[in-house]
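Respectively, the protein sequence lines represent chains R and L.
Mapping the first sequence onto our numbering, position 21 (from 1) lands on 44, and the numbers just tick up by one.
Mapping the second sequence onto our numbering, position 77 (from 1) lands on 78, and the numbers just tick up by one.
Be aware that a few hints might be false.
Simulated restraints, written as ranges between beta carbons of each label pair [as the list claims (entries may be wrong)]:
hint : chain 1 : residue 1 : chain 2 : residue 2 : range
1    : R       : F391      : L       : T186      : 49 to 57 Å
2    : L       : Q133      : R       : G460      : 19 to 27 Å
3    : L       : Q82       : R       : F391      : 41 to 49 Å
4    : R       : E462      : L       : Q193      : 52 to 60 Å
5    : L       : S190      : R       : L343      : 24 to 32 Å
6    : R       : V292      : L       : T186      : 52 to 60 Å
7    : L       : D152      : R       : E462      : 53 to 61 Å
8    : R       : F160      : L       : Q200      : 39 to 47 Å
9    : R       : L229      : L       : Q131      : 25 to 33 Å
For the record, the hints were derived by calculation from the structure and aren't laboratory data.
Glycine included, each C-beta is placed from N, C-alpha and C at the ideal position.
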Amino acid sequence: MNNCIKKTTKTSILILVLVLCFLPMLPGLSGLLLAAFAINPRLNQFHGSLSGFEQLAQFPGISQSILMTLNVSIISTFLSVLISFVILRRWYQSKHWQKIENAIAPILALPHVAFAIGFAFLFTPSGFISRLSTELFEFALFTDVQIIKHQLGLIIGLTLKEVPFILFMSIALLKQLNIKQSLQCAQSLGFSQQQAWLKVIFPQWLPKMRFSIIAIMAYSLSVVDVSLIIGPSIPSTLPVMIWSWLNESNLDTHLMAASGALVLALLCVLLVYTVIFVEWLIVKKCTSWQFSGRKTLTGCKGISLFTRLSKASLAGLGSLGLISVLLASSLSLIMIIVWSFSKRWPYPHILPSNWSLQFWQSELPYLFDTFVTSIGLAMLSATIALLLVLVLLEVNNRNNISHKVRLVIPMILIVTPIIAPQLSLLLGIQLAAIYIGAEHFYLWVLWSHVFFVFPYIYLSLDGPWRSFDQGFNKVGLSLGKSAWTVWWTIKIPLLLPAIVISMAVGISVSLAQFLPTLMLGAGRIATITTEAVALSSGQDRRVMAIYALLQTITPLFFFAVALFIAKKTGPLESRTPFSFKKQLKQHKHKRTKHEARSI
Amino acid sequence: MKNLMEQKMLKKVILKIAIATVFVSTSSFSLAQDTTTISKNLDWPRIEKQAKGQTVYFYAWGGSQQINNYLRWADKQLQQQFDVRLQHVKVDDISTAISRLLAEKAAGKVTGGTIDMLWINGENFKNMKQNQLITQPFAQQLPSWQFVNKDFPVDNDFTEPTEGLEAPWGIGQLIFIHDKKRTPTPPTSMKQLLTFAQQNPNKFSYPQPPSFHGTSFLKTALLELVEDPALLYQAVDEKTFVKTTQPLWQYLDQLHPLSWQQGKQFPTSSAHTMQLLDDGELDLAISFNPNEVSSAQSNGTLAETTDSYAMENGALSNIHFLSIPFNANAKQGALVAINFLLSPEAQSKKGDLSQWGDPSVLKTQYITGSAANTKLFKSVAEPHPSWQAALEQAWQQRYGH
């Protein structure tokens with residue numbers, strides 16, 4: 024009887040999770056499909072047609088645009104992963120890592136749009152760097168070489184913004200991998216540290232970063248706001264084109280937009296599988312590079328000039344990448360701060376000619392409510408999503424203690440909210456919401472936030488969950504503890520760094536939601552982001568700067584807290600010591616542990 | 002027991018949502034008659050009484066802090082004087098509101114809609130009217146209608162008759178902004194503009210069509226260059242379109258290589274041209290607010306030496322409007338709000354040159370303060386709306402890739 028109740032509880036919880044996380048896809052995806060094939064109940068059109076795709080194919084510049092969009096997405100994703108790995112390899116075990124880790128939170132908290140505004144102001148022909156060079160060398164930069172409003176700028180900007188994300192997601196993961204032991208082992212076999220990273224750590228790291236890589240790939244493929252600010256406009260990228268078609272009140276262009284959105288979603292699916300395929304190729308299929316003895320010994324004569332050169336350039340790329348990430352982000356942030364306090368900052372002044380607190384003063388009285396709404400919504404939706412993810416991970420896990428309920432949810436379903444164009448999903452969801460009762464604005468907005476936050480939390484916990492050593496469970500259970508006690512007192516504390524980091528990511532994702540908040544909240548719910556986006560269409564750098572700063576400060580707080588907790592928790596060997604005494608203690612502890620292991 | 006109930010509830014919810022999904026996919030909407038129609042003669046005291054305590058959700062572009070601040074002021078006044086809250090829902094494009102209304106209409110939601118009032122004109126109005134998203138004429142019945150200057154074309158919107166479905170709010174005129182110090186004699190015709198671009202390469206551009214301001218620039222240029230401007234006030238004739246617009250494309254072919262970024266990129270909006278003017282990258286900016294310069298100067302976005310002017314032939318002019326959707330929840334509140342926004346007090350405040358500076362639609366004797374000094378240029382009427390899409394399409398074909 025007891026068991027039966029347990030089972031029903033489990034099933035109903037699971038159904039609840041599925042309903043909350045996947046149900047909105049039904050109206051979302053069917054809405055997208057219907058719209059793309061010109062089936063529109065609003066206009067009494069029930070015969071499907073391909074006219075949207077025909078219009079799309081005939082749209083001038085569409086093929087260039089699609090190629091460019093793919094280009095930007097693939098190159099920026101590849102560069103982000105490469106640079107992140109080189110940075111990890113070069114610095115993860117160095118004494119500077121702590122500093123780098125501390126710098127990641129503020130960089131990550133800087134929203135994409137805020138970064139783009141600052142980045143654009145740095146690199147336009149009349150921007151800060153050009154002004155500086157004119158003042159110092161009487162030579163204006165970027166007049167011939169165009170970075171802003173060019174795909175080059177978009178690639179650079181996105182890469183610089185995604186590298187910190189990959190690094191951040193690696194922090195929790197690397198704690199789960201036994202980096203130190205692996206390296207020691209590899210080095211004792213004669214591999215240099217660099218080779219050990221490449222041949223031992225990389226094949227473990229890459230599969231666990233899969234979701235993060237897919238997330239940045241999907242983001243760079245479908246980004247609108249950043250692309251509007253620093254991307255090219257003739258032709259613009261596909262998502263920007265779709266966005267502009269949707270912004271026309273002519274319903275014919277909406278049809279083209281829906282078809283375009285479907286094409287974009289298909290491209291995204293294609294790229295997702297490309298990422299998985301490439302990973303499989305590197306890690307599983309062509310594995311000879313992992314253990315082939317060739318080019319392993321550092322002093323070996325067989326090292327070709329090419330390898331040496333590429334090694335040097337990779338090391339250089341790591342340093343260059345790290346420096347540009349740090350520099351570009353901090354300078355962008357400084358630009359935004361200065362703009363928020365300036366009244367006039369005309370060309371060619373290096374500093375504002377008129378400072379003013381006017382804009383802060385006029386905004387402050389209206390900010391408190393917005394702040395409370397944004398944070399409340401973010402914390403609530405991230406908490407709900409986290410609970411759902413935990414349930415799903417436990418049920419979904421192949422190594423589950425009880426094998427009674429196991430359900431493998433295809434990955435593509437989980438990442439759909441990330442990869443499908445948000446706007447098209449939302450059009451369908453909004454329609455469904457109106458049928459059921461759109462007046463429960465808070466409920467709908469909360470649900471939509473959970474829906475979009477869920478995959479991010481899932482993907483950031485999936486890696487750590489999979490790399491969790493099941494031995495701990497076995498030991499706990501064999502000592503007579505209940506499954507629940509083992510889970511709560513052993514597994515959760517060990518995975519706490521990953522959990523708090525995923526919470527921070529979830530909160531920041533919720534804070535950044537614009538379309539769901541606006542479309543399902545019908546303007547009843549104003550967050551910092553809805554205000555910021557609405558204002559950004561007016562191009563007033565000063566007011567934009569204020570909201571961009573507020574958009575930065577809120578997630579920054581949560582990221583900082585998460586990193587702090589992550590450092591103080593988790594497996595003992597990866598905790599940061601509080602003091603010298605503790606360090607000694609830990610050292611001793613580590614030694615005994617090592618000894619225990621070697622025995 | 003609890004479990005069972007939970008499951009039942011779940012089933013219910015799932016069923017409800019599933020039904021809704023199917024409904025979404027297959028429904029056709031019925032045009033139910035609205036019960037709360039606005040009668041021909043408004044019983045105004047009754048409306049004011051019913052409006053008390055209502056919150057009006059006003060969907061309007063939220064990109065300008067001056068406009069947002071003006072609406073904050075209006076909200077305060079409405080609360081004090083009429084006990085009506087005006088909640089500005091800031092959108093980056095008003096089409097968001099229109100697609101929301103379409104969705105509500107598709108769902109058969111004929112009352113209790115989420116949008117009470119919106120700010121529109123041109124294409125958007127035409128589309129709303131066509132899709133019957135505004136159904137009740139109200140403008141002429143408003144008490145403030147008496148102040149409106151009927152010499153302005155307030156009863157048509159881009160040649161589309163308004164039929165009282167929207168009330169005029171302000172006037173837009175396509176003007177150019179220059180810096181008197183840098184460019185003392187700016188070009189005042191398209192021919193002069195080309196010579197100007199030859200002498201000052203990389204210093205002129207216009208917002209990229211299909212942005213509102215960009216297409217308006219194309220219309221202005223075409224109106225000057227075309228042999229017979231009367232053609233533009235009729236619907237586009239596909240047979241003669243290429244021949245009629247040929248001078249425009251020839252002109253742009255010459256202008257673009259001399260433009261900012263060699264015509265390979267264009268500014269995104271009017272605000273962007275102003276930013277670029279201030280950054281020294283452009284010599285001319287484009288705006289639809291004839292008082293933009295005084296407003297921008299006191300706000301700090303433009304230098305004190307900037308000034309606005311119109312082309313010799315006149316400035317392309319139109320009116321922007323306020324309207325109430327078919328299913329508005331706070332209809333009375335919206336009527337009170339619109340009536341207030343059309344009052345001499347609110348219109349004078351709106352025209353305040355140090356604030357928004359939007360020209361009033363009222364007769365001049367009702368306007369006080371700096372708004373009375375508003376600048377209006379010789380006006381050129383908007384062409385037939387069909388030219389908008391046709392020009393945008395042809396531009397995209399030639400220059401958009």
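Do the hints match the structure? See the list:
A beta carbon spacing of about 51 Å between R/F391 and L/T186 agrees with the range 49 to 57 Å that was offered as a hint. A C-beta distance of roughly 24 Å is found between L/Q133 and R/G460, which places it inside the suggested range of 19 to 27 Å. Take L/Q82 and R/F391: their Cβ atoms lie about 26 Å apart, and the range 41 to 49 Å is violated. Taking 52 to 60 Å as the suggested C-beta distance range, the pair R/E462 and L/Q193 conforms, at roughly 57 Å.
A beta carbon spacing of about 52 Å between L/S190 and R/L343 contradicts the range 24 to 32 Å that was offered as a hint. Between R/V292 and L/T186 the Cβ separation comes to about 58 Å, which falls inside the hinted range of 52 to 60 Å. Checked against the hint of 53 to 61 Å, the C-beta distance between L/D152 and R/E462 comes to roughly 44 Å, which is inconsistent with it. In this structure the supplied range 39 to 47 Å is violated for R/F160 paired with L/Q200, their Cβ-Cβ distance being about 28 Å.
At roughly 54 Å, the beta carbons of R/L229 and L/Q131 sit outside the given window of 25 to 33 Å.
Of the numbered hints stated above, those contradicted by the structure are hints 3, 5, 7, 8 and 9, listed in ascending order.
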